[in-house]
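Respectively, the protein sequence lines represent chains A and B.
All the letters of the first sequence, read from the start, carry residue numbers 6 to 140 under this note's numbering.
All the letters of the second sequence, read from the start, carry residue numbers 8 to 392 under this note's numbering.
Think of the hints as simulated: they come from the structure by calculation, not from any bench.
Certain hints may be false.
[Claimed, not checked] Straight-line distance between alpha carbons at most 25 angstroms, and here's what the computed SDA-like set of lysine to any residue pairs gives:
#: 1; chain 1: A; residue 1: 115; chain 2: B; residue 2: 246
#: 2; chain 1: A; residue 1: 115; chain 2: B; residue 2: 211
#: 3; chain 1: A; residue 1: 70; chain 2: A; residue 2: 31
#: 4; chain 1: B; residue 1: 134; chain 2: A; residue 2: 20
#: 5; chain 1: A; residue 1: 115; chain 2: B; residue 2: 381
#: 6; chain 1: A; residue 1: 115; chain 2: A; residue 2: 56
#: 7; chain 1: A; residue 1: 115; chain 2: B; residue 2: 247
#: 8; chain 1: A; residue 1: 115; chain 2: A; residue 2: 57
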Amino acid sequence: LWLALLAGLGVRGIVADDARYAWGMFPYILRYEVEYRWRMDDGGTRPFQPGREIRRARAVYAPGKEHDRWYGLGALRVDLRAYARLVATRARPAPPAGARAFEIVLTWRKHEDGARHEEVIAAPVKPRAEMGAGT
Amino acid sequence: MSAWTRFWFSRAPSDSLALVRLFLGLSCVLKLTGLYGVVNRMAIGKLAFGAPLHRYTSGSWRFDDIPVPLFGERTTALLTFEDYQHLEAAALVLGALFCLGLGSRLVGPLLGASLLLMQTFDQAAFKHHLWTLGVACLVVGLAPCADRFSLDALLARRLGARFGRGAERAGARVMRSVLPLRLIQTMVSAIYLFSTVAKLNDTWFSGFLFRFGLMRSPKSEMVETMAAGGALLDLLWVSLSWAALAIEAFLVFGLWHPRWRKLAFATGLVFHVSLEIAIDVGSYSSTMLALYLAFAAPAARATTVRFDPTRAASRRAAWLVRVLDWGARFAVVPGSIEGGVLEAHGSEGWKHTGARAIATILGGLPLLLPFGLLAEQVLIRRRRR
Numbered sequence: 006l007w008l009a010l011l012a013g014l015g016v017r018g019i020v021a022d023d024a025r026y027a028w029g030m031f032p033y034i035l036r037y038e039v040e041y042r043w044r045m046d047d048g049g050t051r052p053f054q055p056g057r058e059i060r061r062a063r064a065v066y067a068p069g070k071e072h073d074r075w076y077g078l079g080a081l082r083v084d085l086r087a088y089a090r091l092v093a094t095r096a097r098p099a100p101p102a103g104a105r106a107f108e109i110v111l112t113w114r115k116h117e118d119g120a121r122h123e124e125v126i127a128a129p130v131k132p133r134a135e136m137g138a139g140t
Numbered sequence: 008m009s010a011w012t013r014f015w016f017s018r019a020p021s022d023s024l025a026l027v028r029l030f031l032g033l034s035c036v037l038k039l040t041g042l043y044g045v046v047n048r049m050a051i052g053k054l055a056f057g058a059p060l061h062r063y064t065s066g067s068w069r070f071d072d073i074p075v076p077l078f079g080e081r082t083t084a085l086l087t088f089e090d091y092q093h094l095e096a097a098a099l100v101l102g103a104l105f106c107l108g109l110g111s112r113l114v115g116p117l118l119g120a121s122l123l124l125m126q127t128f129d130q131a132a133f134k135h136h137l138w139t140l141g142v143a144c145l146v147v148g149l150a151p152c153a154d155r156f157s158l159d160a161l162l163a164r165r166l167g168a169r170f171g172r173g174a175e176r177a178g179a180r181v182m183r184s185v186l187p188l189r190l191i192q193t194m195v196s197a198i199y200l201f202s203t204v205a206k207l208n209d210t211w212f213s214g215f216l217f218r219f220g221l222m223r224s225p226k227s228e229m230v231e232t233m234a235a236g237g238a239l240l241d242l243l244w245v246s247l248s249w250a251a252l253a254i255e256a257f258l259v260f261g262l263w264h265p266r267w268r269k270l271a272f273a274t275g276l277v278f279h280v281s282l283e284i285a286i287d288v289g290s291y292s293s294t295m296l297a298l299y300l301a302f303a304a305p306a307a308r309a310t311t312v313r314f315d316p317t318r319a320a321s322r323r324a325a326w327l328v329r330v331l332d333w334g335a336r337f338a339v340v341p342g343s344i345e346g347g348v349l350e351a352h353g354s355e356g357w358k359h360t361g362a363r364a365i366a367t368i369l370g371g372l373p374l375l376l377p378f379g380l381l382a383e384q385v386l387i388r389r390r391r392r
């Protein structure tokens with residue numbers, strides 16, 4: 006059981022490219038930038054600027070500047086998905102009328118001079134009736 | 008009994024596990040008070056001490072007051088800032104008690120649980136070294152790990168002597184299941200294995216990580232001066248990367264083989280001390296070195312060191328062995344010796360005299376282990392000639 010646990014943690018880390026709990030110590034430094042936007046019902050987008058919620062986490066989530074990440078692309082995706090869900094589902098400030106989803110445009114590269122990749126992480130906006138008064 | 012069952016469940020002296028406990032507790036105290044990576048953090052101007060340090064709450068990624076779940080699924084956080092700080096303070100006290108070996112059967116599991124619970128604070132709370140330390144403390148703490156080098160053992164002996172029970176066991180070897188040691192040993196190999204596998208990529212081979220890590224720090228000027236030029240600097244980064252990879256790959260297996268074990272200990276010691284000086288790796292180095300002790304043959308007093316009480320040099324050498332014998336491997340006794348200052352007698356019947364005895368003894372003293380290895384190599388080469 007112990008050996009299976011150790012192997013499972015390590016293999017999960019390799020497969021998910023998420024070094025956390027997997028002892029995949031610092032294989033590369035991920036350099037990335039993020040941009041935030043609302044996806045509207047008509048297919049258009051509207052920019053989103055983070056507020057006070059990231060004041061303790063600007064080193065990870067601040068848009069428009071390059072950040073470093075040591076635990077792998079998988080770990081970063083987990084963190085960004087969490088933030089996307091948080092913004093898309095919170096009631097205050099409420100998503101703009103007609104917003105279908107909250108999207109994070111992630112641009113990353115593994116080398117200093119490596120190829121740049123872009124992907125979009127999205128979280129659907131909750132219908133207004135489902136949103137409570139709090140977060 | 009099959010080899011598999013024997014491997015996991017045979018019995019062995021409890022000395023090694025007790026030493027692992029002692030040094031894990033120490034590693035915990037050093038980490039939580041900021042007494043780690045002193046040379047590195049002095050160089051980059053980030054040296055800070057406190058008790059406890061509360062380092063990770065000040066650098067948290069928590070979205071203001073909104074809890075951010077560890078894996079992005081939970082909607083409420085387990086711990087508040089205050090909980091985290093209380094937990095850190097508790098872990099510091101528990102770490103000190105674990106090191107001293109007081110109430111170890113209760114303290115050990117609580118310490119492991121505290122360290123692991125701290126990891127659930129938020130996504131930024133995860134650190135490889137704290138995760139490793141937490142798992143190790145839990146494994147060791149759940150086992151009887153205070154038979155030696157502990158206040159528990161001392162109190163048991165004193166009380167036993169007072170009430171006429173167990174006094175004859177003072178200083179005796181206690182045999183326990185080898186299972187906790189095996190769990191730690193396999194974990195050490197898994198750590199090095201997955202760390203090695205993760206580094207098998209072009210970024211690591213190119214030396215970029217070292218260039219990035221060291222050249223962005225205030226130490227960069229010093230490094231550039233040392234390497235004196237770009238081409239040499241690139242060679243340095245690539246060499247460091249390959250050396251680290253080779254060392255970690257060697258340590259996956261080297262610690263298991265009796266023939267390679269001493270070399271693996273010495274290599275690992277140099278590797279982790281270098282890491283401690285060059286990069287901020289938290290308690291990683293001290294924890295790994297503590298875990299190495301699980302591989303140390305549990306052979307308390309298995310070697311008898313004989314000294315000549317009529318000669319001052321021999322008496323002084325015997326005193327030095329007693330002082331530096333932190334692993335309690337030697338029984339130092341007076342007697343007649345054939346030559347030199349000390350003689351080493353093994354429980355298997357072997358006898359070493361002169362320089363060979365000195366090499367054997369040095370190899371058993373943690374502080375002087377590298378000199379022991381060196382002396383052994385010199386003697387082997389001389390014999391070949």
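| task | Decide if the proposed pair is consistent with the structure: residue 70 of chain A and residue 31 of chain A, CA atoms, cutoff 25 angstroms inclusive. | result | 22 angstroms, holds
| Under the criterion that the straight-line Cα-Cα distance not exceed 25 angstroms, is the pair residue 115 of chain A, residue 246 of chain B satisfied? | 21 angstroms, holds
| said: Check the hint pairing residue 115 of chain A with residue 381 of chain B against an upper bound of 25 angstroms on the C-alpha distance. | reply: Roughly 42 angstroms separates the two Cα atoms, so the pair is violated.
| query | Keeping to a limit of 25 angstroms between CA atoms, is the pair of residue 134 of chain B and residue 20 of chain A held or broken? | reply | 20 angstroms, holds
| query | Does the alpha-carbon distance linking residue 115 of chain A and residue 57 of chain A stay inside the 25 angstroms limit? | reply | 30 angstroms, violated
| Given the hinted pair residue 115 of chain A and residue 211 of chain B, is their alpha-carbon gap at most 25 angstroms? | 11 angstroms, holds
| query | Hey, residue 115 of chain A versus residue 56 of chain A, does the alpha-carbon distance stay inside 25 angstroms? | reply | 28 angstroms, violated
| query | Do the alpha carbons of residue 115 of chain A and residue 247 of chain B lie within 25 angstroms of each other, as the hint requires? | reply | Between residue 115 of chain A and residue 247 of chain B the Cα gap is close to 20 angstroms, so the pair holds against 25 angstroms.
This entry does not satisfy hints 5, 6, 8, going by the numbered hints stated previously.
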